[in-house]
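Trainee: For the protein sequence lines, the chains are A and B, in the order given.
One point on numbering: in my numbering, the residue at position 174 of the first sequence is 174, and numbering is uninterrupted.
Plus 247 on top of the position in the second sequence (first one is 1) and you've got my numbering.
No lab work stands behind these hints: they were computed from the structure.
Positions of the beta carbon are idealized from the N, C-alpha and C atoms, including for glycine.
Some clues are possibly wrong.
[Claimed, not checked] Output of the computed footprint for chain B on chain A, the stretches with three or more beta carbons under 8 angstroms from beta carbons of chain B:
1) 51-65
2) 75-88
[What the hints assert, rightly or not] Across the chosen pairs, the derived CB separations fall in these ranges:
3) Leu184/A - Val276/B: 29 to 35 angstroms
4) Gln284/B - Val35/A: 23 to 29 angstroms
5) Trp262/B - Ala154/A: 42 to 48 angstroms
6) Leu184/A - Gln280/B: 21 to 27 angstroms
7) Pro200/A - Met249/B: 26 to 32 angstroms
8) Arg292/B - Trp5/A: 30 to 36 angstroms
9) Arg158/A - Met248/B: 54 to 60 angstroms
10) Trp262/B - Asp179/A: 28 to 34 angstroms
11) Trp262/B - Arg158/A: 42 to 48 angstroms
12) Leu146/A - Met248/B: 48 to 54 angstroms
13) Val276/B - Leu171/A: 22 to 28 angstroms
14) Gly277/B - Thr153/A: 22 to 28 angstroms
15) Leu270/B - Ser11/A: 32 to 38 angstroms
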Amino acid sequence: MDWTWFHRFGSPPHFYRIAGKLIPWFAWLAAISGVAGLIGGLFLAPPDYQQGEGYRIIYVHVPAAVLSTMAYAAMATAAGVGLIWRMNVAHAVAASCAGIGASFTFLALVTGSLWGRPMWGTYWQWDPRLTSELVMLFLYLGYMGLRGAIDDTARADRASAVLALVGVINLPIIHYSVDWWNSLHQGHTLLKFGKPSMPPSMLVPLLLLMLGFMLYFAAIVLVRARGEVLRRERNARWIAELLGAPT
Amino acid sequence: MMHWLAMGGYWPYVWPSYLLTLLTLVLNVGFAQRSAQRARQEAQRRAHSPAAQQGRS
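Let's have the full structure, built from the sequences with the hints guiding it.
Mentor: As structure tokens, then:
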């Protein structure tokens, strides 16, 4: 298999250029998908037979929760690639994922809490799903804190990458917590084979919003990563050429 | 319209969720753009500094 494309991505000028081209595509597709999903979720989807209109929190809670775990997986993968192949760009991508992932984990916890109050009668319960999601928020904060505490970028990259990789153990715990333990949280709705748990009129807007959130994440990570690459490569010749400085 | 806004009585839970989501989306865009802009300005300042030009030549 030809791995040239992979190594080309490790080249900062190549990554910077490709990311700049991809950002508008991801951003526009995210906006289209998000608006379509929002119209479907707020106006077209029927009320739930048990939860009435209150279930519409699903259209922001589930995409935020899915994004929070996806961002962690992306961060850990990039950190692992950076650690194994000593790829600076991969570390830049990993560092860019953390803040966004933390904000969406917080959002998933708060929207879940707001959904829990009328349905469960409580804002918070030390339930396996909620607790493991909270642990992920602490992992994100720990990753960012560790990076901030080490002045040397290369050392910060290595130490934070190890932490990110150790934290991967929490991802299957979050996913399977509703199966492994007695949980107040509902079981799998989307990743369930056989009879779907939602009719298409409810499911399609949810899938569109999830897609929109993921495309949004890709766009924002690339914006941040481009800035991070500029910061790391500030003395490189290609930056001077890019910014039109005399060489 | 009022009926829709009331969300069947669940509006105190539904609308804050949507508002917070909007805030998260907007703030992430703002932070990312500001961070990228600062990095570009810093790189531009360094690239045009006489010391950097001397180092490259």
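Trainee: Now tell me, hint by hint, if it's right for this structure.
Mentor: Going down the list of hints, with the structure as the test:
As drawn, the segment 51-65 of chain A meets chain B at 8 residues by the rule of a beta-carbon pair under 8 angstroms; at three or more, the given contact holds. Here the segment 75-88 of chain A counts 0 residues with a CB under 8 angstroms from a CB of chain B, which misses the bar of 3, and the coverage is violated. The hint said 29 to 35 angstroms for the Cβ distance between leucine 184/A and valine 276/B, and at roughly 34 angstroms that hint holds. Our hint of 23 to 29 angstroms for glutamine 284/B and valine 35/A holds, since their Cβ atoms are close to 26 angstroms apart.
Our hint of 42 to 48 angstroms for tryptophan 262/B and alanine 154/A holds, since their Cβ atoms are close to 46 angstroms apart. Distance hint check: the CB atoms of leucine 184/A and glutamine 280/B are about 39 angstroms apart, inconsistent with the given range 21 to 27 angstroms. The hinted window of 26 to 32 angstroms between proline 200/A and methionine 249/B holds, with their beta carbons roughly 29 angstroms apart. Evaluation of the 30 to 36 angstroms hint for arginine 292/B and tryptophan 5/A yields a pass: the beta carbon distance comes to about 34 angstroms.
Remark: the range hint 54 to 60 angstroms for arginine 158/A to methionine 248/B is upheld by a beta-carbon distance near 56 angstroms. The given range of 28 to 34 angstroms is respected by tryptophan 262/B and aspartate 179/A, whose C-beta atoms sit roughly 32 angstroms from each other. Between tryptophan 262/B and arginine 158/A the Cβ separation comes to about 44 angstroms, which falls inside the hinted range of 42 to 48 angstroms. Between leucine 146/A and methionine 248/B the beta carbons are some 49 angstroms apart, a value that agrees with the proposed interval 48 to 54 angstroms.
In this structure the hint that valine 276/B and leucine 171/A lie 22 to 28 angstroms apart at CB holds, the actual value being about 26 angstroms. One distance hint, 22 to 28 angstroms for the beta-carbon pair glycine 277/B and threonine 153/A, holds here, with the actual separation near 25 angstroms. Distance hint check for leucine 270/B and serine 11/A: the Cβ-Cβ separation is about 37 angstroms, which falls inside the suggested range of 32 to 38 angstroms.
The structure shown violates the earlier hints numbered 2, 6.
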